[in-house]
Structure formats: structure tokens, C-alpha cells
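Please build the complete structure, drawing on both the sequences and the hints.
For the sequence shown, counting from 1, position 115 maps to 114 in numbering that gives the first Met the number 0; every step adds exactly one.
Hints were generated in silico from the structure; no laboratory data involved.
Keep in mind it's a predicted model, so treat the numbers as computed, not measured.
Careful, some of the hints might be misleading.
Claimed, not checked - Derived CB-CB ranges, DEER-like:
no.: 1; residue 1: M93; residue 2: L131; range: 26 to 36 Å
no.: 2; residue 1: I64; residue 2: T10; range: 42 to 52 Å
no.: 3; residue 1: S76; residue 2: Y112; range: 26 to 36 Å
no.: 4; residue 1: I119; residue 2: R39; range: 14 to 24 Å
no.: 5; residue 1: G105; residue 2: Q66; range: 50 to 60 Å
no.: 6; residue 1: V81; residue 2: L57; range: 25 to 35 Å
Said to hold, decoys possible - Listed below are the simulated SDA-like cross-link pairs for lysine to any residue, each with C-alpha atoms no more than 20 Å apart in a straight line:
no.: 7; residue 1: K53; residue 2: S35
no.: 8; residue 1: K53; residue 2: V31
no.: 9; residue 1: K53; residue 2: S38
no.: 10; residue 1: K53; residue 2: A41
no.: 11; residue 1: K53; residue 2: F69
no.: 12; residue 1: K53; residue 2: I30
no.: 13; residue 1: K53; residue 2: F43
no.: 14; residue 1: K53; residue 2: F36
no.: 15; residue 1: K53; residue 2: I42
no.: 16; residue 1: K53; residue 2: G40
no.: 17; residue 1: K53; residue 2: I32
no.: 18; residue 1: K53; residue 2: T80
Every residue, glycine too, gets a C-beta built ideally from N, C-alpha and C.
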Amino acid sequence: MSTATHSLPRTIGAHAVLLTYTVIALFPVIIVIVNSFKSRGAIFGTPLAPPTPKTFDLIGYTTVIGQGDFIHYFQNSLVVTVASLLFVLLFGAMAAFALSEYRFRGNSLMGLYLALGIMIPIRLGTVAILQLMVA
Numbered sequence: 000m001s002t003a004t005h006s007l008p009r010t011i012g013a014h015a016v017l018l019t020y021t022v023i024a025l026f027p028v029i030i031v032i033v034n035s036f037k038s039r040g041a042i043f044g045t046p047l048a049p050p051t052p053k054t055f056d057l058i059g060y061t062t063v064i065g066q067g068d069f070i071h072y073f074q075n076s077l078v079v080t081v082a083s084l085l086f087v088l089l090f091g092a093m094a095a096f097a098l099s100e101y102r103f104r105g106n107s108l109m110g111l112y113l114a115l116g117i118m119i120p121i122r123l124g125t126v127a128i129l130q131l132m133v134a
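Encoded structure:
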């Protein structure tokens with residue numbers, strides 16, 4: 000049976016930091032969802048305020064359902080996402096097994112390269128790609 004080795008203040012501090020980070024990370028998503036129920040003027044006027052009976056509007060949802068082929072586009076996105084996820088999990092699991100079980104020259108360098116791919120934001124690469132496409 001294992002016992003906790005951390006003190007209560009340290010645990011509370013860690014949870015406070017994690018909770019703060021979660022709120023900061025989810026804040027833009029919450030704002031987008033809240034603003035989806037407001038009219039365009041209300042979004043630009045008071046973007047952080049919740050919708051009121053005067054500003055409540057479902058025009059965005061009616062436009063997407065009425066004019067766009069939402070079900071078809073969602074189905075395409077779902078197929079691409081599921082296929083990509085399966086391939087990433089398959090090849091990632093095989094690479095993780097090879098890197099953890101077999102020792103070869105460049106093993107740690109390859110593991111570091113794969114870890115850097117996770118840590119570096121994709122935005123850093125997309126700016127350069129966009130500049131190449133525009134030029």
C-alpha cells in the first residue's frame with residue numbers, strides 16, 4: 000500500500016496552478032460558444048458579456064443548417080479525423096515500442112526529435128509555409 004509523500008499545501012498549490020491553467024486554456028472556447036448565441040452587433044459591442052434576451056440570436060446556427068451542407072461536411076471531417084487518429088496511434092505505438100525496447104545508435108536523438116515535434120507549436124511552421132505560398 001502506498002502513501003502520499005507530498006504535503007497538503009504543495010498538493011493544493013499544484014491543483015491551483017492546474018486549475019488556473021485550465022481556465023486560461025478553456026476561456027477562448029467558452030467565449031466562442033457564448034458568442035455563438037448573440038447577434039453580430041452584440042458580439043462586437045460586448046464580446047465578453049453573456050447573451051441577454053435583447054442580444055440573443057440563433058442566426059448563425061440557422062445559416063449553417065439552412066444554407067450549408069453541414070451534415071456532409073461534418074461527415075467528411077469525421078472520416079478524416081478517425082482515419083488520421085488510427086494511423087497516428089498505429090505508427091506512434093510501433094515507434095514507441097521500437098524506441099523503448101531496442102537500443103541502437105541515434106535512439107535517444109530520435110526520441111528527442113519526436114518529443115520536439117510535440118513541444119513546438121504548429122503555428123511556428125504555418126507562418127513560414129504561408130510566407131512561402133504568398134511569395
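| Which numbered hints does this structure break? | Violated hints (numbers, rising): 4, 11 and 18; every other hint is consistent with the structure.
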